[in-house]
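J.: Now for the letters of each chain:
There are 2 protein chains.
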Amino acid sequence: MNTKILLNERPNGEPTLQNFKTVKVDIKSPEEGEVLLKTIYMSLDPYMRGRMNDAKSYAKPVGIGEVMEAGALSQVIESKSNKFKVGDFVEGRTGWQDNPTVSANDLRLIDPTMAPLSTSIGVLGMPGTTAYVGMHNFAKPQKGETLVVSAASGAVGATVGQIGKIFGCRVVGVAGSEDKCNFTINELGFDDCVNYKDPEFAEKLKAACPEGVDIYWENVGGITFDNVMPLLNDYARIPVCGLISLYNATSLKGGETDRLPLLFRQILTKRMMIKGFIVFNHYDQREESIIALSNWIKEGKIKYKEDFVEGLENAPNAFIGLLNGKNFGKLVVKVNPDPTI
Amino acid sequence: MNTKILLNERPNGEPTLQNFKTVKVDIKSPEEGEVLLKTIYMSLDPYMRGRMNDAKSYAKPVGIGEVMEAGALSQVIESKSNKFKVGDFVEGRTGWQDNPTVSANDLRLIDPTMAPLSTSIGVLGMPGTTAYVGMHNFAKPQKGETLVVSAASGAVGATVGQIGKIFGCRVVGVAGSEDKCNFTINELGFDDCVNYKDPEFAEKLKAACPEGVDIYWENVGGITFDNVMPLLNDYARIPVCGLISLYNATSLKGGETDRLPLLFRQILTKRMMIKGFIVFNHYDQREESIIALSNWIKEGKIKYKEDFVEGLENAPNAFIGLLNGKNFGKLVVKVNPDPTI
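Line by line, the protein sequences give chains S and D.
The numbering of the first sequence is this note's numbering, which starts it at 1 and goes up by one.
The numbering of the second sequence is this note's numbering, which starts it at 1 and goes up by one.
Bear in mind the hints are in silico, worked out from the structure with no lab data behind them.
All of these numbers come straight from a predicted model, not from anything done at the bench.
Mixed in with the good hints, there may be bad ones.
What the hints assert, rightly or not - Distance condition first, Cα-Cα at most 25 angstroms in a straight line; then the derived BS3-like pairs of lysine-lysine: (1) D/Lys-143 / D/Lys-206; (2) S/Lys-165 / S/Lys-60; (3) S/Lys-270 / D/Lys-206; (4) S/Lys-270 / D/Lys-143; (5) D/Lys-197 / D/Lys-270; (6) D/Lys-197 / D/Lys-326; (7) D/Lys-206 / D/Lys-270; (8) S/Lys-270 / D/Lys-326; (9) S/Lys-301 / S/Lys-24; (10) S/Lys-60 / D/Lys-197; (11) S/Lys-38 / S/Lys-143; (12) D/Lys-270 / S/Lys-56; (13) S/Lys-143 / S/Lys-197; (14) S/Lys-38 / S/Lys-28; (15) S/Lys-253 / D/Lys-80; (16) D/Lys-204 / S/Lys-56; (17) S/Lys-85 / S/Lys-301; (18) S/Lys-270 / D/Lys-204; (19) D/Lys-56 / S/Lys-270; (20) S/Lys-204 / D/Lys-326; (21) D/Lys-197 / S/Lys-206; (22) S/Lys-140 / S/Lys-270; (23) S/Lys-206 / D/Lys-206; (24) D/Lys-326 / S/Lys-56; (25) D/Lys-56 / S/Lys-253.
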């Protein structure tokens, strides 16, 4: 049987378990060009919250009754494609299910001897490539600049900050607990990290950036951006990668003063650049990013932390927690045992 | 004597004539490396309003009692520099004065046989280069895209729109009168132009952009941006060149709903790019811009309109009018007769 987790109803604000529905269906035999997979590691990422809304965005929403979207690392169980043979490991956007049958064209082969399989959906997968292409194309870090990265211990943020260190930046993280902050400093080598839940967040962030902020990597929006905004330097770059703090918002009303004119005056006088981007538009740089990140990992310059959840059935709860920052590191669902461990 | 117009006091909101003070001083004999000039054409531009404030910006404010800043086209009257001889025409940032003595290093030679002298402070000067570098580096117009340009009949806007036409865009201007709109359509070849003072501005702008907006050239802020914002397409680019509607504002408070989160969600989901810029950071492209613009003028692809004011003494009044859109075309003060006409 194939267990699938479907979108049952659209959330109003924070998702609940009732928004999801688990069904078991017969395994679909692969047709010509298809493969049957066994899911091993499934990725949970904040962007999936956007797919649950029926709103115009960069991707089509998941329909009611459709399987939730996700990238996953799987093993080929049966193949009707000459691209993959039984036993191969593959990565692709195969969704919240444990025995999917999909087109071989949408999958990439993963070499299990190069790195742990789980990295193919993490630091050597979509989140790692996101960090790489955003830094490479939009942040353009220069030696001596100050980089502030929000969601600093998360899959993208941790990689962004370490790339910043490689390029000689002062790197200041923003995260949601003392443990996460300590991790980014002690394990990842950030220069500083500030807890946004600290009542003195504004003062501490300012103190951590004595020369202002040249690059702000936006993963979250909300209070973090509010407090970075007055610290931005001339020529500041703001890659907008995510807005986790807004994803569950039922209204996009901010406070009672419209800061749009203030922002635009800053953009003009400081000659700032703000750029939204989605990694899927930059997959021409995927190969390059994976090579660069692999090398940095081998050199010990990039480390990664994974937060494993056991069992597909726990994915909805883990996803709800992800949007509240309950994960610590890249959130990965272990759907089936990893045969390489 | 040298007549100088000084900043007498800082404006609170809209500038008044009392903010300026005219003085006559002895002409300063040029020292080694300096030249004495007779100003012929002086440029008035909206950015000068920013220099009157005592606020951190991209340039130092003009001090109280200091001569107001401006670019101007002048003739050399006396030279202690081997760069220029008496009779040469030069352009530089020589300020609101009619007989300045300045360093030869800050001037560029203008060939009076190439184009009318006044163009060296207009379409072949700072405003033209602004349009060129902003389009070239940030707007990156593509055939078939829709470009909306605010302050469309002004020195920068008129050139921006015509460059957009050269690159195959649908070009929609926004201006402050029916006359200005008709001019951009009938003389400059814009596809459409909407008067922002029209009570049906929002509807008419939307109708003029049936395929949305790919590039919004921001010269003004305020009501124009408010109504462009919902029309922006995926991958929209917004070069922020000026914010005329805010320059006289005593507070940057917008309405009572903070639209910052809304803007950021648009930036992310539409993968937009917003970039503030100042032409002075891009003068490595000045020569290139002047060659390109000269060629387009010769080919009849770029036209320009100048709005002349007679006499340096009328500069303050003309400048106050400029901030209210009273000019029609590039505002130029005729300080002394043009010997080439």
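J.: Evaluate each hint against the coordinates.
T.: Do the hints match the structure? See the list:
1. For the proposed pair D/Lys-143 and D/Lys-206, the alpha carbon gap of about 20 angstroms is at most 25 angstroms, so the pair holds.
2. Our distance criterion of 25 angstroms between C-alpha atoms is broken by S/Lys-165 and S/Lys-60, whose separation comes to about 36 angstroms.
3. Among the hinted pairs, S/Lys-270 with D/Lys-206 is inconsistent with the structure: their alpha-carbon atoms are about 31 angstroms apart, more than 25 angstroms.
4. Proximity of S/Lys-270 to D/Lys-143 is assessed by CA-CA distance (about 31 angstroms); at most 25 angstroms being required, the pair is judged violated.
5. Distance check on the hinted pair: D/Lys-197 and D/Lys-270 sit about 29 angstroms apart at the alpha-carbon level, beyond 25 angstroms; violated.
6. About 14 angstroms separates the Cα atoms of D/Lys-197 and D/Lys-326, which keeps this hinted pair within 25 angstroms; it holds.
7. This hinted pair checks out: D/Lys-206 and D/Lys-270 have alpha carbons roughly 18 angstroms apart, not beyond 25 angstroms.
8. In summary, the hint linking S/Lys-270 to D/Lys-326 is not supported, as the alpha carbons are separated by about 28 angstroms, beyond the 25 angstroms threshold.
9. At roughly 43 angstroms between alpha-carbon atoms, S/Lys-301 and S/Lys-24 are farther apart than 25 angstroms, so this suggested pair is violated.
10. Between S/Lys-60 and D/Lys-197 the CA atoms are separated by roughly 38 angstroms; this puts the pair beyond 25 angstroms, and the hint is violated.
11. With a C-alpha separation of about 45 angstroms, the suggested pair S/Lys-38 and S/Lys-143 falls outside the 25 angstroms cut-off, and the hint is violated.
12. The suggested pairing of D/Lys-270 with S/Lys-56 holds, with an alpha-carbon distance near 10 angstroms, which does not exceed 25 angstroms.
13. The suggested pairing of S/Lys-143 with S/Lys-197 is violated, with an alpha-carbon distance near 30 angstroms, which exceeds 25 angstroms.
14. Between S/Lys-38 and S/Lys-28 the CA atoms are separated by roughly 12 angstroms; this keeps the pair inside 25 angstroms, and the hint holds.
15. A hinted pair counts as satisfied when its Cα atoms are at most 25 angstroms apart, and S/Lys-253 with D/Lys-80 does not qualify at roughly 63 angstroms.
16. Taken as a hint, the D/Lys-204 and S/Lys-56 pair is honoured in the structure, with Cα atoms around 24 angstroms apart against an allowance of 25 angstroms.
17. Among the hinted pairs, S/Lys-85 with S/Lys-301 is inconsistent with the structure: their alpha-carbon atoms are about 35 angstroms apart, more than 25 angstroms.
18. Annotation: proposed proximity of S/Lys-270 to D/Lys-204 is violated, straight-line Cα distance about 33 angstroms (limit 25 angstroms).
19. For the hint linking D/Lys-56 to S/Lys-270, the alpha-carbon distance of about 10 angstroms falls within 25 angstroms, and the restraint holds.
20. With a CA separation close to 48 angstroms, the supplied pair S/Lys-204 and D/Lys-326 exceeds the 25 angstroms bound.
21. Proposed proximity of D/Lys-197 and S/Lys-206 is contradicted: the alpha carbons are some 43 angstroms apart, above 25 angstroms.
22. The straight-line distance between the Cα atoms of S/Lys-140 and S/Lys-270 is roughly 17 angstroms, inside the 25 angstroms bound, and the hint therefore holds.
23. Taking the CA atoms of S/Lys-206 and D/Lys-206, the gap is near 42 angstroms; set against the 25 angstroms cutoff, the hint is violated.
24. Taking the CA atoms of D/Lys-326 and S/Lys-56, the gap is about 41 angstroms. The hint is violated against a cut of 25 angstroms.
25. Only pairs whose Cα atoms come within 25 angstroms are accepted, and D/Lys-56 paired with S/Lys-253 is rejected, the gap being roughly 29 angstroms.
Comparing the model with each earlier hint shows violations of hints 2, 3, 4, 5, 8, 9, 10, 11, 13, 15, 17, 18, 20, 21, 23, 24 and 25; every other hint is respected.
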